[in-house]
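A.B. asks: So you can see what is in the structure, the chains are spelled out below.
There are 2 protein chains.
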Amino acid sequence: MRNVSERTSALKGSPIRRLVPLAVAAKKRGIQVYHLNIGQPDIPTPHSFMQGVREAKIDVLSYAPAPGIPATIDALLDFYADMGVQLTDKDLRVTIGGSEAFAFALQTACNPGDEVLIPEPFYPNYAGHALMNGIKVVPITTRIEDGFHLPPMEEIEKLISPKTAAILFSTPGNPTGVAYTREEMMAIGNLARKHDLFVISDEPYRELMYEGHATSILEIPGLDEHAILVDSISKRLSACGARIGCIVTRNRDFMTSIDKLCMIRLSAPTFEQLGLVAFLKDPNYKSEIEQMRQKFHSRRDTLFEALKTIPGAVCRKPEGAFYIFVKLPQIDDSEEFVKFMLNEFDLAGETTMVAPGAGFYATPGVGHDEIRIAYVLEEPKLVRAVEILKAGLETYARTRQQVAAAAN
Amino acid sequence: MRNVSERTSALKGSPIRRLVPLAVAAKKRGIQVYHLNIGQPDIPTPHSFMQGVREAKIDVLSYAPAPGIPATIDALLDFYADMGVQLTDKDLRVTIGGSEAFAFALQTACNPGDEVLIPEPFYPNYAGHALMNGIKVVPITTRIEDGFHLPPMEEIEKLISPKTAAILFSTPGNPTGVAYTREEMMAIGNLARKHDLFVISDEPYRELMYEGHATSILEIPGLDEHAILVDSISKRLSACGARIGCIVTRNRDFMTSIDKLCMIRLSAPTFEQLGLVAFLKDPNYKSEIEQMRQKFHSRRDTLFEALKTIPGAVCRKPEGAFYIFVKLPQIDDSEEFVKFMLNEFDLAGETTMVAPGAGFYATPGVGHDEIRIAYVLEEPKLVRAVEILKAGLETYARTRQQVAAAAN
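Sequence order for the protein chains is A and B. Numbering of the first sequence is given in this note's numbering, commencing with residue 1 and proceeding in unit increments. Numbering of the second sequence is given in this note's numbering, commencing with residue 1 and proceeding in unit increments.
No lab work stands behind these hints, which were simulated from the structure alone. A couple of the hints might just be wrong.
Which copy is meant is left open, because identical chains are indistinguishable; a pair holds if it fits in one copy or across any two.
[Stated by the list, open to error] The calculated DSS-like cross-link candidates involving lysine-lysine, where the alpha carbons are at most 27 Å apart (straight line), are:
| # | residue 1 | residue 2 |
| --- | --- | --- |
| 1 | Lys136 | Lys163 |
| 2 | Lys317 | Lys295 |
| 3 | Lys163 | Lys12 |
| 4 | Lys281 | Lys295 |
Sequences are here, hints too, so could you generate the full structure?
C.D. replies: As structure tokens, this is what we get:
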């Protein structure tokens with residue numbers, strides 16, 4: 001029997017998704033699970049978007065134009081103009097979610113055999129797309145004690161080889177909530193110019209920023225040939241299931257390749273492109289995003305205070321997005337701890353699911369004492385979930401001590 | 001300035017899309033253009049599908065499950081059961097159109113450097129996906145005089161090398177309308193077993209069949225480990241813009257890889273998956289598809305009769321889909337002829353746009369006297385479009401003779 005391809009065999013399943021069956025089993029046992037393990041907001045999708053889908057005047061649901069529906073492109077150009085970035089329709093293509101924009105960016109920036117620099121911890125699907133395209137991930141390790149900000153540029157520069165084609169990251173970032181400062185973005189830009197690299201900046205959380213301004217790669221001057229923006233409506237509209245994103249670049253050759261990739265996959269879904277037009281044409285759209293931002297801001301503060309009650313836990317207050325990375329005390333394998341929380345522990349019939357940290361690192365052995373928490377639940381639930389986590393940690397440490405004592 | 005990747009540079013833009021600006025210019029000059037150049041049906045999308053989208057009960061438009069929404073998978077399993085193919089939810093995943101299903105199939109079946117056999121003429125995006133994945137297309141040339149049916153299996157067998165991983169095709173086929181007989185499908189199956197190849201069968205037009213039964217790869221016994229079905233609702237529902245397809249295989253290892261590819265791209269669009277459920281739950285859905293089939297059947301017959309009026313034109317009556325390939329008299333470069341029709345010709349203010357044939361072949365130099373016609377317009381329009389085509393051919397031949405005479 002013929003083997004499937006080596007690339008797809010080598011793809012790792014998501015470490016988070018692998019644990020989902022344990023949560024399902026816990027629920028079957030009657031345990032309530034607080035899901036802080038995935039980046040799926042709980043906030044209703046804006047009414048204007050939904051109405052735009054439902055009231056779309058469509059008789060024949062034909063292929064949308066490969067680059068995007070013109071009205072959608074125009075609405076997005078206005079959206080960027082509102083944030084102070086002037087673009088033309090030559091600079092933007094609508095994609096099937098940020099995922100497709102990212103895949104297209106990587107395929108256009110890199111030949112098989114090339115290397116990309118990625119600050120770790122990073123979104124695991126970056127590695128999956130790299131593997132599928134024969135591209136090597138070279139991690140730039142960042143530290144929880146630095147709030148996951150970038151190391152000095154000289155250190156990053158040491159990682160650059162003749163095969164390095166791009167540096168890529170998300171900011172504000174999944175999984176850490178770090179948002180690179182304007183100075184960091186300028187430094188990355190200088191590095192890109194000096195070594196002739198593409199910069200792929202994944203910014204779906206740009207509007208979810210709680211400390212200062214989230215600097216977009218499009219705001220850094222002198223990067224027209226280097227900067228590739230990957231964007232998505234999934235998070236800022238709580239519309240993950242819409243599968244609408246975009247790719248933006250002023251590099252004409254780059255966009256010529258993107259256009260050909262768009263043609264191969266024919267089009268992004270029509271209804272949701274029209275939903276986005278309706279949302280962005282609604283005079284209230286900014287206040288809707290602002291309300292969402294405030295909600296996550298408040299959750300972040302509440303969660304951060306709650307985490308302080310866990311003795312020995314290390315974390316920094318994230319600047320944006322809706323994630324926090326936490327180093328746990330007395331944990332040497334956080335995946336085992338997550339399994340324990342789902343399989344063996346409950347506090348009055350409730351438990352908490354988080355994401356183990358190691359799956360977000362490319363460097364082996366790093367992150368095994370860390371977890372990612374997504375604050376995608378209401379504040380009282382966040383407080384309760386941390387209370388459960390804390391109790392779970394205590395029980396886990398005690399159980400492990402007992403096991404160790406029995407073994408001696 | 002850094003170059004974009006070699007793969008994306010090497011991608012050919014669609015030969016049809018490259019000509020679209022000429023059609024736009026013709027329209028600006030006031031010429032009406034009959035578009036027989038693309039596979040976009042003109043038939044309204046079924047009401048039940050549209051209602052399913054519009055009435056979907058969604059509060060938070062969250063990621064759909066990566067393998068597909070369970071109700072959508074169930075509805076599709078029933079759909080296949082209705083055509084006599086028994087499947088379980090282990091065998092089917094919902095994809096973002098047939099395009100994604102095809103890309104996933106290719107990526108899972110082949111390593112970079114592998115070869116795939118494809119009967120030509122074929123859908124040009126097959127070659128694009130192959131190029132992006134480092135896979136070599138080995139064409140099996142088929143002939144208009146044989147109605148584009150397969151050559152003897154011994155000839156196909158000669159093309160198999162140690163690098164051959166799969167044979168792939170669409171049936172009923174774009175761009176020729178050929179539908180392989182059960183005997184041909186059985187022979188392909190034997191070849192696949194003998195040489196341990198995957199068979200990727202792309203069947204979006206399966207219900208649009210006018211002579212006999214369209215045999216699906218899933219109906220061929222003994223191919224559980226080899227058969228990969230690529231399917232789509234785009235054509236049979238006239239819902240190209242929905243971006244909903246699926247991939248079906250009973251090969252468990254293959255599906256394990258597909259599952260990982262599904263996770264990387266997160267999910268297929270939610271609204272359209274629910275639209276499909278509504279369509280397939282509608283007791284009238286089969287008669288809706290049947291009405292569409294009858295409409296295209298009648299169009300095919302009308303078009304075929306009309307084409308007989310062109311002296312010297314060669315074609316065979318296609319068995320399915322909504323395309324016909326035609327060899328034109330006195331044409332040595334049909335792309336030049338298509339340009340002539342758009343740039344220089346009109347009959348009482350009207351002209352016809354078709355697709356040049358060479359772009360559907362991988363073998364250089366083949367198909368330059370051929371065109372593809374998509375019968376995606378009402379019958380009176382088809383008759384008029386052929387009348388214009390005929391007049392255009394006469395004028396083109398006369399003009400070229402005059403140019404040749406002047407040059408002597």
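A.B. asks: All the hints need checking, so say for each whether the structure fits it.
C.D. replies: Evaluated hints:
{"no.": "1", "hint": "Lys136 <-> Lys163", "result": "both (9 Å within a copy, 25 Å between copies)"}
{"no.": "2", "hint": "Lys317 <-> Lys295", "result": "within (16 Å within a copy, 63 Å between copies)"}
{"no.": "3", "hint": "Lys163 <-> Lys12", "result": "both (24 Å within a copy, 26 Å between copies)"}
{"no.": "4", "hint": "Lys281 <-> Lys295", "result": "within (23 Å within a copy, 40 Å between copies)"}
Of the numbered hints stated above, none is contradicted by the structure.
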